[in-house]
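> Build out the structure end to end from the sequences listed, making use of the hints.
So the sequences go chain by chain: L and W.
Sequential numbering of the first sequence, starting at 1, is according to the working numbering.
Sequential numbering of the second sequence, starting at 1, is according to the working numbering.
Worth flagging that the hints you see were computed from the coordinates, not collected in a lab.
Everything hinted at is true.
Have a look at the derived ranges for each label pair, beta carbon to beta carbon: (1) W:Leu140 <-> L:Ala114: 39 to 49 Å; (2) W:Arg131 <-> L:Cys48: 54 to 64 Å; (3) L:Glu23 <-> W:Gly151: 22 to 32 Å.
Straight-line C-alpha distance at most 20 Å; calculated DMTMM-like pairs for lysine to aspartate or glutamate: (4) L:Lys79 <-> W:Glu102; (5) L:Lys79 <-> W:Asp35; (6) L:Lys9 <-> W:Asp35; (7) L:Lys9 <-> W:Asp148.
A quick note: this is a predicted structure, and the numbers were derived from the prediction, not measured.
The C-beta atom is built at its ideal place from N, Cα and C for all residues, glycine as well.
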Amino acid sequence: MTYGKPLPKIYSDAREFREGCLEHELRIQKCGGCGHLRWPPAFLCPRCLSRDTQWVRASGRGTVYSYAVYHVAFDPAFKEDLPYVVALVALEEGPHLLTNLVGCDPGAVSCDMAVEVVWDDVTESVSLPRFRPAAG
Amino acid sequence: MLEAGLCSYVMISYGQSGRSGDSMMQVLAALSGDDIVYGHFGAAGGYALAARRAMHEFRTGPETWKQIAVGQRKWANLNPRAMMCGRAMTGEDYDRSALVVEPFRLADNCLVTDGGRACIVTTLERARDLRHPPVVLMGLGMHHPSADLAGARYLAGPTGARRAGATALRMAGITLDDVDACEIYDCFTYTVEITLQDYGFFGPGEGEDWFRGGTIEPGGRMPVNTSGGQLSESYQMGLTPLTEGVMQLMGRCGERQLGPATGNRTPEIILCSDNGGILQSHACCILGRG
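This is how it looks when you write it as structure tokens:
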């Protein structure tokens, strides 16, 4: 069955991130100047403006900073998922990532709950990081 | 520009066909970027994230927001131009309103409307010579804390309203005690709460008590969004609050005109707010009777 939902746009700042996703690695940027770990990707550091950028692998663990439960499908492709959870996950490295929370009842989600990444290979060339309640 | 003599009049205008056309959907789609991959769309989802974090950090939620939605509807019912004029809303109506993006119900969301607004700015000297009583810009403040939602750590406040409000009050040379009414950008009920909270009308989590008893309604001690606002009158971006503040001070608001008829003080000073993105930019504007 073909994947009917929107796919991420390919833009140069995020290429390393998207390639990491295909290998099921969550990659974020680290400033070579001041060490600041950041998301979303950018060509310079928002703290010190250095262009010296490295990519590092994040652990894939974090906590729910906030979440929203969708009861309306603004794109019909999401209708089958209602109600579904969009979350801002605070990665343990610091940056926040907008993603989905899966594998749990929307009513059981709470802010600051521990979560871990789970990979969703939606097409041959796109894998999306979603999160589920952390094991144990 | 006016003081430098580069121009004589400036018109601030806005218009949209959000309801009959799809202009608002296009704006919101452009804002969403790659977030749509995760089914995250437009403004309701972003503000729902902000409101949920606020519920985690201090006492707030539907019991607070209900008082905002119901209170503003009472003003709309006095405003024949309001989309929701003639449609009452009780607390039970709010509770029965459909969930859209939790924690928000439909009644927490602003309207999508057709329409337009404009106001004209000129020098006070020139304005005093015109047919209608002038309104004076006493103070202005802006603060824009972030361009990126994922990077935001202030979704439960303090938002840009904290610094923008303090700057505007200082420029106007007044305190909140001098404010007779507020016209607050109200894309969602929570936006009204966090804005008033960050201005300093009440502390974090005190909103539910502050709003209780009809504080913002006709006859209340601090009227808020006296046209019905974006929740119940019409969504015209920042011009919904701004033009209502101007019209109230000019005394041109008919049945909803603040004064003896509504059981409120006749206003001398009105505080207006504007807000952009997901609480990412903020402007505060203090208007006075000219």
